[in-house]
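Could you put together the complete structure from these sequences and hints?
Position 237 of the sequence shown, counting from 1, maps to 235 under my numbering, and the rest follow consecutively.
These are computed hints drawn from the structure, not numbers from a lab. Be a bit skeptical, because a hint or two may be false.
To be verified - Restricting the straight-line Cα-Cα distance to at most 25 Å, the calculated cross-link-like pairs of lysine to any residue (SDA-like) are:
| id | residue 1 | residue 2 |
| --- | --- | --- |
| 1 | 236 | 289 |
| 2 | 236 | 43 |
| 3 | 77 | 184 |
| 4 | 77 | 7 |
| 5 | 77 | 6 |
| 6 | 236 | 363 |
| 7 | 236 | 356 |
| 8 | 236 | 365 |
| 9 | 77 | 57 |
| 10 | 236 | 294 |
| 11 | 236 | 152 |
| 12 | 236 | 225 |
| 13 | 77 | 175 |
| 14 | 77 | 169 |
| 15 | 236 | 246 |
| 16 | 77 | 182 |
| 17 | 236 | 44 |
| 18 | 77 | 176 |
| 19 | 236 | 299 |
| 20 | 236 | 293 |
| 21 | 236 | 33 |
| 22 | 236 | 255 |
| 23 | 236 | 156 |
| 24 | 77 | 331 |
| 25 | 236 | 158 |
| 26 | 77 | 8 |
| 27 | 236 | 354 |
| 28 | 236 | 306 |
| 29 | 236 | 286 |
| 30 | 77 | 130 |
| 31 | 236 | 370 |
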Amino acid sequence: MRRLVTEFRSFDRPSRLLMVNQFTINVGFYMLMPYLAGYLAGPLGLAGWAIGLVLGVRNFSQQGMFLLGGTLADRFGYKPLIVAGCVLRTAGFALLGVVESLPTLMIASAATGFAGALFNPAVRAYLAADAGERRVSAFALFNVFYQGGILLGPVVGLLLTAVDFRLTCLVAAGVFAGLTVLQIRSLPRHTAVRQQRSVLGDWRLVLTNRPFLLFALAMIGSNVLSFQIYLALPLRAKAITGSEALVTALFVVSAVLAIAGQLRITAWFRDRWGPGRSIVIGAALLASAFLPPLLAADSPAGIAALILSSAMLALGTVVVFPFEMDTIVRLSGDQLVATHYGLYNTIVGVGIMLGNLFAGTVFDIAPAAGWIGLTVLGGVCALGLAMLERRRAFVTSS
-1 MRRLVTEFRS
9 FDRPSRLLMV
19 NQFTINVGFY
29 MLMPYLAGYL
39 AGPLGLAGWA
49 IGLVLGVRNF
59 SQQGMFLLGG
69 TLADRFGYKP
79 LIVAGCVLRT
89 AGFALLGVVE
99 SLPTLMIASA
109 ATGFAGALFN
119 PAVRAYLAAD
129 AGERRVSAFA
139 LFNVFYQGGI
149 LLGPVVGLLL
159 TAVDFRLTCL
169 VAAGVFAGLT
179 VLQIRSLPRH
189 TAVRQQRSVL
199 GDWRLVLTNR
209 PFLLFALAMI
219 GSNVLSFQIY
229 LALPLRAKAI
239 TGSEALVTAL
249 FVVSAVLAIA
259 GQLRITAWFR
269 DRWGPGRSIV
279 IGAALLASAF
289 LPPLLAADSP
299 AGIAALILSS
309 AMLALGTVVV
319 FPFEMDTIVR
329 LSGDQLVATH
339 YGLYNTIVGV
349 GIMLGNLFAG
359 TVFDIAPAAG
369 WIGLTVLGGV
379 CALGLAMLER
389 RRAFVTSS
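Written out as structure tokens, the structure reads:
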């Protein structure tokens, strides 16, 4: 904890504020989203297709609009987009708590998703710009706050939802309203670099950045594997135990390892291996995380295997994330950084959607084939990243 505090204080005020903001953003988001499907199915009585539609609209309005959000951030500055995203999510969460018809629920869901598309690229680009040469350390510390919000948010949401989910919505909206005021009053404005090109010109520049696109495509596998803490592992945990207790334990193990080990792990990998090889090793760790549940499928060995798998996924993600965020900046050549982040999130977001479709389908048919498929996907990802690293494609953009 002392190291965490010392590291935090070593950054300038904007970086510290962005880290605290991300913690609060995740608390507000995760106190509500894990329980939304249950609310739609229970008190509102929506059919399964309608629930999927509402959740799908939220996902599409975020993943599909990241590029637009990043572009706006590069043109108008990072602070206005961060503020706009907080305002929009305040409205979206408040609306979720007071409406009941499917059309208005879809509007509220779309607003919460588009809000993320506005502030996520801006936050990361602002942090990268403010941290400068300390980007890797900044993103490592950023992930500690990020994981802390994921850990605390569902606990707060569970307590509030036990009273009334609508109360959860309104409290989450209040969290983002407070964040809006904090951004306006305390976050220094980061002046956007005036672009001489059109928006289409900006997009053409990013879309022709071949090293960046190859990196984004190679990282799809890594992101699909990291996401399985929300899909494959919980599905298997519920199949083994029939309860939510093991699911909760998996999330706790993942978050605690990230919070406790992120700074030391990042420093060790940076000093020993450097950014490129660290990403390759992290991807290999993610791939190997699915071997324990493949080799030990039954309870009680299956329970231990899932906990070990969760820890290995967390370790791989901890290794990859800071270097992944830093590599995007380096491959952008410090041009249109938020736009690069936006397109990157869109590419891996589509990849995660397709990967989850594959995982969900295969696990329904044959769980063992699912674990094998994820391991192979991770191996291909690590191999692709190793080839890029050997060509020094992580170093700079062309």
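Exercise. Straight-line Cα separation of residue 236 and residue 370 no greater than 25 Å?
Worked result: holds, 20 Å
Problem set entry | Pair hint residue 77 and residue 182, alpha-carbon separation not exceeding 25 Å | holds, 8 Å
Exercise. Does the structure keep residue 236 and residue 225 at a Cα separation of 25 Å or less?
Worked result: Between residue 236 and residue 225 the Cα gap is close to 17 Å, so the pair holds against 25 Å.
For this session: Quickly compare the C-alpha distance for residue 77 and residue 169 to 25 Å and report which way the hint goes.
Result: Holds, at roughly 24 Å.
Problem set entry | 25 Å Cα cutoff - pair residue 236, residue 33 | Holds, at about 17 Å.
Problem set entry | Restraint check for residue 236 with residue 44, where alpha carbons must lie at most 25 Å apart | holds, 24 Å
Exercise. Quick one, are residue 77 and residue 57 close enough, alpha carbons at most 25 Å?
Worked result: holds, 23 Å
Problem set entry | Proposed proximity, residue 365 with residue 236 (alpha carbon, max 25 Å) | Distance of about 13 Å is within 25 Å: holds.
Exercise. Keeping to a limit of 25 Å between CA atoms, is the pair of residue 236 and residue 255 held or broken?
Worked result: With Cα atoms ~22 Å apart, residue 236 and residue 255 stay inside 25 Å; holds.
Exercise. Are residue 236 and residue 152 close enough, with their CA atoms no more than 25 Å apart?
Worked result: holds, 18 Å
For this session: Measure nothing beyond the straight line between the CA atoms of residue 77 and residue 175; if it is 25 Å or shorter, mark the hint as holding.
Result: Holds, because 15 Å separates the two Cα atoms, which is no more than 25 Å.
Exercise. Does residue 306 lie within 25 Å of residue 236 when you go C-alpha to C-alpha?
Worked result: holds, 16 Å
The structure shown violates none of the earlier numbered hints.
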